[in-house]
Amino acid sequence: MEMIDENKLMQLERKANSPWARLKRNKTAVIGMVIVIAAVCMAIFAPLLAPYDPNAMDISKTFLKPGTPGHILGTDEFGRDLLSRIIYGSRISILVAAGATLVGGTIGIILGIIAGYKEGILDTVIMRFMDGMFAFPFVLLSIVLMTVLGQGLENVIIAIGIANVPGYARIARGQVLVVKGEEYCQAVKSLGASDFHLIFNHIIPNILSPVIVYATMNLAGSIISEATLSFLGLGIQPPTASWGNILRSGRDYLLTSPHIATYSGLAILLAVLGFNLFGDGIRDAFDPKMK
Amino acid sequence: MLKYILKRLVEILPTLFVVALITFFVTRIIPGDPASVMLGPQASVEAVEKMRVKLGLNESIPKQFLIYMNDILHGNFGTSFYYNEPVTLLILERFPNTVILAAASMILALLVGIPIGVISATKQYSIFDYVTMVLALIGVSMPIFWLGLMMVLTFSVNLGWLPSTGMGSMSKGIMDVIKHLILPSVCLATIPAAMFARITRSSMLDIIRQDYIKTARAKGLRESVVIWKHAFKNALPPIITVVGIELASLLSGAILTETIFSWPGMGKMVVDAIEKRDYGLVQGSVLFIALIYVITNLIVDILYAVVNPRIRYTKTSERGGGA
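So the protein lines, in turn, are chains U and B. Take any residue in the first sequence, note its place counting from 1, add 525, and you have its number in my numbering. Take any residue in the second sequence, note its place counting from 1, add 11, and you have its number in my numbering.
Where hints are given, some of them may not hold.
[To be verified] To list a few chain B residues with every Cβ distance to chain U over 12 Å, as calculated:
| no. | residue |
| --- | --- |
| 1 | Ser47 |
| 2 | Leu77 |
| 3 | Val151 |
| 4 | His241 |
| 5 | Lys244 |
| 6 | Ile266 |
| 7 | Ala301 |
[Stated by the list, open to error] Pairs of lysine-lysine, DSSO-like flavour, derived with a Cα cap of 27 Å:
| no. | chain 1 | residue 1 | chain 2 | residue 2 |
| --- | --- | --- | --- | --- |
| 8 | U | Lys643 | U | Lys552 |
| 9 | U | Lys643 | U | Lys714 |
| 10 | U | Lys643 | B | Lys18 |
| 11 | B | Lys14 | B | Lys230 |
| 12 | U | Lys552 | B | Lys14 |
| 13 | B | Lys134 | B | Lys230 |
[Said to hold, decoys possible] Have a look at the derived ranges for each label pair, beta carbon to beta carbon:
| no. | chain 1 | residue 1 | chain 2 | residue 2 | range |
| --- | --- | --- | --- | --- | --- |
| 14 | B | Lys65 | U | Pro763 | 37 to 43 Å |
| 15 | U | Ala623 | B | Trp172 | 40 to 46 Å |
| 16 | B | Pro25 | U | Thr587 | 36 to 42 Å |
| 17 | B | Val317 | U | Thr649 | 24 to 30 Å |
I should point out that these hints are in silico values taken from the structure, not numbers from a laboratory. Positions of the beta carbon are idealized from the N, C-alpha and C atoms, including for glycine.
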């Protein structure tokens with residue numbers, strides 16, 4: 526009988542228990558991943574996928590119902606093809622979600638690392654400031670920031686990004702406090718490593734997992750935030766298509782042409798659902814208790 | 012317990028200070044001179060200057076901040092540029108309406124979410140469990156403003172069952188107010204109900220696998236006693252945490268729900284103030300909502316300590332670590 530190679534067996538076990546393998550086994554996470562990939566592809570390949578120019582008006586074709594030949598989801602109040610606008614709208618949603626996550630994540634992680642690593646007065650000042658920001662309901666904080674910054678794509682990203690900062694700072698700080706107390710960090714420090722070396726080579730790589738999990742969940746929240754700001758008229762301004770501003774204009778024609786609000790809202794729901802399913806899956810895959 | 016409450020009260024003071032600091036600087040950063048905005052484009056230079064003196068805008072920034080803090084401590088949240096009335100008065104007029112909506116939504120969310128979570132946990136992998144958890148997942152992903160519009164479309168426009176806007180009037184009887192309350196409160200309750208169902212299920216699943224639950228069953232206790240008295244009671248702490256988060260988040264949700272259903276509360280007032288560029292009202296309301304948010308979180312923390320006595324004896328630094 527062939528001897529079982531113990532190393533190979535351990536390797537296989539490790540592979541089967543890897544986060545990626547656990548993620549692949551989770552059916553709902555895979556569904557989420559498919560939705561996320563589809564949304565990202567839709568955003569990237571919008572010019573190829575959209576049947577019409579999203580801003581091309583045709584006054585003779587206003588408020589066409591869904592299923593009209595050539596306009597599968599109908600048209601809006603300016604005769605613009607709704608499907609094309611929703612496809613192009615995905616670009617704004619994905620861009621804002623990714624941008625805001627990057628802005629919030631970068632600033633939050635830096636602040637969290639400084640607070641957790643230095644502790645003392647710097648920690649107190651940073652974290653009390655984060656607590657103060659946390660005291661503002663998320664939507665309200667984004668609204669306030671938008672009134673300060675003014676409208677525009679970059680400002681939407683900055684506003685949502687800044688509103689995201691406290692969440693990342695708290696997670697990063699908590700993780701740094703744990704990691705820097707670990708024996709390997711103490712050993713590196715006692716060997717005379719600089720703070721810079723310790724932070725970049727030992728602390729950051731070891732705090733990334735929970736931050737990545739949080740970022741994935743945060744993407745869904747950022748999509749909703751962008752849609753909310755645009756719906757309130759503070760975010761992306763027409764004629765640029767965003768799911769939120771399509772829904773805002775659809776609200777005015779809810780009685781006569783409900784398809785505008787219905788389909789744009791469904792696009793938001795589906796995208797957020799996808800990111801939430803994927804985020805849940807990533808969280809479970811990285812959770813040691815799930816092994 | 013009193014010691015814990017006092018400690019938490021002291022702990023929120025820096026947070027409240029930072030909230031006031033942020034609101035103060037935001038007011039100063041917003042483009043446009045508040046005095047000019049308040050008096051309109053026709054106002055003379057002298058009148059604007061007089062108003063600047065009245066508002067304390069000619070003072071140095073640190074002195075302005077001291078005046079601002081003094082005003083807040085005396086319950087003065089500023090003046091609305093549009094209505095030319097104290098923000099406090101406008102808040103007192105609208106805030107009770109938001110409380111009615113938020114309370115109705117919270118009660119509804121608790122009544123729906125928690126039993127669903129408990130039943131799902133006790134009937135894990137059943138059809139009920141699958142269906143309700145899929146619905147809960149859709150619920151937490153729901154853009155609340157879209158849900159509101161769809162509810163208006165279905166129940167007001169198509170079926171004509173319920174009114175879509177306003178708050179109704181007590182002069183027409185309590186039923187009129189209740190009818191007006193149904194759609195906005197169901198809309199606002201959707202996300203919290205979904206969250207409660209998910210957290211209750213997950214917390215209950217952790218508990219019902221414990222040995223003491225098996226022991227309770229082995230002792231021959233009725234299943235309902237095992238579930239509600241032994242398991243649910245011990246599953247409560249994480250549920251209370253989420254209830255607290257959602258209670259505070261209801262204020263965010265109310266901003267959108269009130270806008271869609273024209274519910275005359277704080278949320279609609281803030282959105283209207285933004286549209287009218289009434290920054291005085293925006294800042295005052297924002298500060299007030301943030302204060303309510305902090306106080307709500309404090310109450311939840313205290314409630315949490317009542318349910319889970321271990322919290323009372325945990326050092327502040329230990330709690331902050333995990334954040």
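*Any of the earlier hints contradicted here, and which numbers?*
Result: hints 3, 6, 7, 8, 11, 12 and 16 break, sorted rising.
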